[in-house]
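Trainee: For this one, chain G is given, so just place chain Z on it according to the hints.
The chain contents come next:
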Amino acid sequence: MLTRFLGDISLAEEAVQEAFAIALAKWPSTGIPPSPAGWLITTARNKALDHLRKEASRSERQHAAQLLNDVEQAEEHDVQDDHLRLIFTCCHPALAADAQVALTLRLIGGLRTEEIAHAFLLQPTTLAQRLSRAKAKIRDANIPYRVPDAAELPGRLGAVLAVVYLVFNEGYSTSCGDEVLRTELCDEAIRLGRLLATLMPQESEILGLLALMLLIDARRRARVVGGDLVLLSEQDRTLWDESKLEEGRALMRICLARNRPGSYQLQAAINAVHSNAPSADRTDWRQILQLYDQLMSMAPNAIVALNRAVAVAEVHGVAHALQLVEALDLPKYHWYHAVRADLLRRIGRTGDAACAYRQALDHCDNKRERDFLMRQCQSLPRH
Amino acid sequence: MKQYLLSVCHPAGATQPPPAALNKIMSDVMALRQEMKSAEVWVFSGGLHASNSATVLRHQDGDIVLTDGPFIESKEQIGGISIIRVPDLDAALLWARKLARATTSPIEVRPFVEQP
Numbered sequence: 001m002l003t004r005f006l007g008d009i010s011l012a013e014e015a016v017q018e019a020f021a022i023a024l025a026k027w028p029s030t031g032i033p034p035s036p037a038g039w040l041i042t043t044a045r046n047k048a049l050d051h052l053r054k055e056a057s058r059s060e061r062q063h064a065a066q067l068l069n070d071v072e073q074a075e076e077h078d079v080q081d082d083h084l085r086l087i088f089t090c091c092h093p094a095l096a097a098d099a100q101v102a103l104t105l106r107l108i109g110g111l112r113t114e115e116i117a118h119a120f121l122l123q124p125t126t127l128a129q130r131l132s133r134a135k136a137k138i139r140d141a142n143i144p145y146r147v148p149d150a151a152e153l154p155g156r157l158g159a160v161l162a163v164v165y166l167v168f169n170e171g172y173s174t175s176c177g178d179e180v181l182r183t184e185l186c187d188e189a190i191r192l193g194r195l196l197a198t199l200m201p202q203e204s205e206i207l208g209l210l211a212l213m214l215l216i217d218a219r220r221r222a223r224v225v226g227g228d229l230v231l232l233s234e235q236d237r238t239l240w241d242e243s244k245l246e247e248g249r250a251l252m253r254i255c256l257a258r259n260r261p262g263s264y265q266l267q268a269a270i271n272a273v274h275s276n277a278p279s280a281d282r283t284d285w286r287q288i289l290q291l292y293d294q295l296m297s298m299a300p301n302a303i304v305a306l307n308r309a310v311a312v313a314e315v316h317g318v319a320h321a322l323q324l325v326e327a328l329d330l331p332k333y334h335w336y337h338a339v340r341a342d343l344l345r346r347i348g349r350t351g352d353a354a355c356a357y358r359q360a361l362d363h364c365d366n367k368r369e370r371d372f373l374m375r376q377c378q379s380l381p382r383h
Numbered sequence: 001m002k003q004y005l006l007s008v009c010h011p012a013g014a015t016q017p018p019p020a021a022l023n024k025i026m027s028d029v030m031a032l033r034q035e036m037k038s039a040e041v042w043v044f045s046g047g048l049h050a051s052n053s054a055t056v057l058r059h060q061d062g063d064i065v066l067t068d069g070p071f072i073e074s075k076e077q078i079g080g081i082s083i084i085r086v087p088d089l090d091a092a093l094l095w096a097r098k099l100a101r102a103t104t105s106p107i108e109v110r111p112f113v114e115q116p
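Residue numbers (my numbering), protein chains in the order written: chain G, 1 to 383; chain Z, 1 to 116.
Looking at chain G on its own, in the form it has when it is part of the complex (with noise of 0.2 Å):
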């Protein structure tokens, strides 16, 4: 709304920013006031109106500053039509990834610079450099505030919901550092998956990555305890949030009921599938290589095709998988080697293992996977 008056995200941004200062510091004592965003738009106008005459030296200013005044009352349906446009430009594929994924924490999850800064162990001067380069580049290069039209909705949409994966993904798996999760990623990442949901409730695919998000972080309390990673098969079912599978099976429900399917909720589906199952050993493995087929021929990559070939190993036998894993190429990934490693392991080669899990080590930089790998690579029998 205001980047669209001003054409300026850095003053509107300033504005919004007074106006939430303002709202913490009177709402606890006025009470929450009947239109909250209305409430914030209106008093962010008058911060920005602010600004606008205090530099009133620029005649372009005090130009903005007029039309600012014309404008009428903010609607609040407006307000969402301006998140949404504010979501595709920061998600602006002409836009580096990581300067999406910085502009859409600081804009649209409101993060602070040193939060997002300490969530992907960055000096927050870099961050800083980074966000105003880029949003220096919306300027410059005249990146519109718009949602696109239905020509190009599903590739841009494509770019916002990896960019919301990337960081719940950078939350449940860090790639980097001392600690597994950095749950605080994962519940922004989940709260702007509801928020694209409210937004666009008719794109099955915003659905697919709510549910596969709140169905893979559901696990989060059994993935790690005592500060060790545990793996799906070895996780205690009973710590399992089910209100958050339930609401990751109520969305994929929905999906079913649609039959538009996509990678992201042929995903969720997969987990669904794992959800399901009482104990790891009565996984339907067969469902979950059938999902993975039909991810393969919509979505096909490497990452997939390795995921793939754990399925395979439980439905057609270790060997064949250990086949498929080694015709991919993916040295640098240590999730590859892992894989590798334990289908080596499973049939025997005991030593082949070993090496693949240093490999794995070599390219691994968290602490806790390296210690879990470490483990894993220490529990072989002796050869």
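Treat the hints with care, as some may be off.
Straight-line C-alpha distance at most 27 Å; calculated BS3-like pairs for lysine-lysine [said to hold, decoys possible]:
no. : chain 1 : residue 1 : chain 2 : residue 2
1   : Z       : LYS24     : Z       : LYS98
2   : G       : LYS137    : Z       : LYS75
3   : G       : LYS367    : G       : LYS332
4   : Z       : LYS24     : Z       : LYS37
5   : Z       : LYS98     : G       : LYS137
6   : Z       : LYS98     : Z       : LYS2
7   : Z       : LYS37     : Z       : LYS98
8   : Z       : LYS75     : Z       : LYS24
9   : Z       : LYS75     : Z       : LYS98
10  : G       : LYS135    : Z       : LYS2
11  : Z       : LYS2      : Z       : LYS37
12  : G       : LYS137    : Z       : LYS2
Hints were generated in silico from the structure; no laboratory data involved.
Mentor: Below, chain Z alone, put in the same frame as chain G:
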């Protein structure tokens, strides 16, 4: 309205495509130019000779010194440019997409600084 420069990038030292392919490229590019003109977004366009045909002028101690050859030796050189006038980056990217298809080369899209 905003002006964007669409540059066609060629790897330095790349050989020309065979005549049949080149003819196809030339006619596609001409057709696209016509489409740009009909849509009233076209400002200017043209192909460039290889960068070894360039002459560089430098201001040096109050004098202007001429040297032969391109300004910067780089892995890519600009094979041609188009300037278009459109509302925003999305519109510019739409034309750049068509240009990338027509030329079969990478296209760089760069916004011009607004005229005061």
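Trainee: Are any of the numbered hints broken by this structure? If so, which, sorted upward?
Mentor: No hint contradicted; all consistent.
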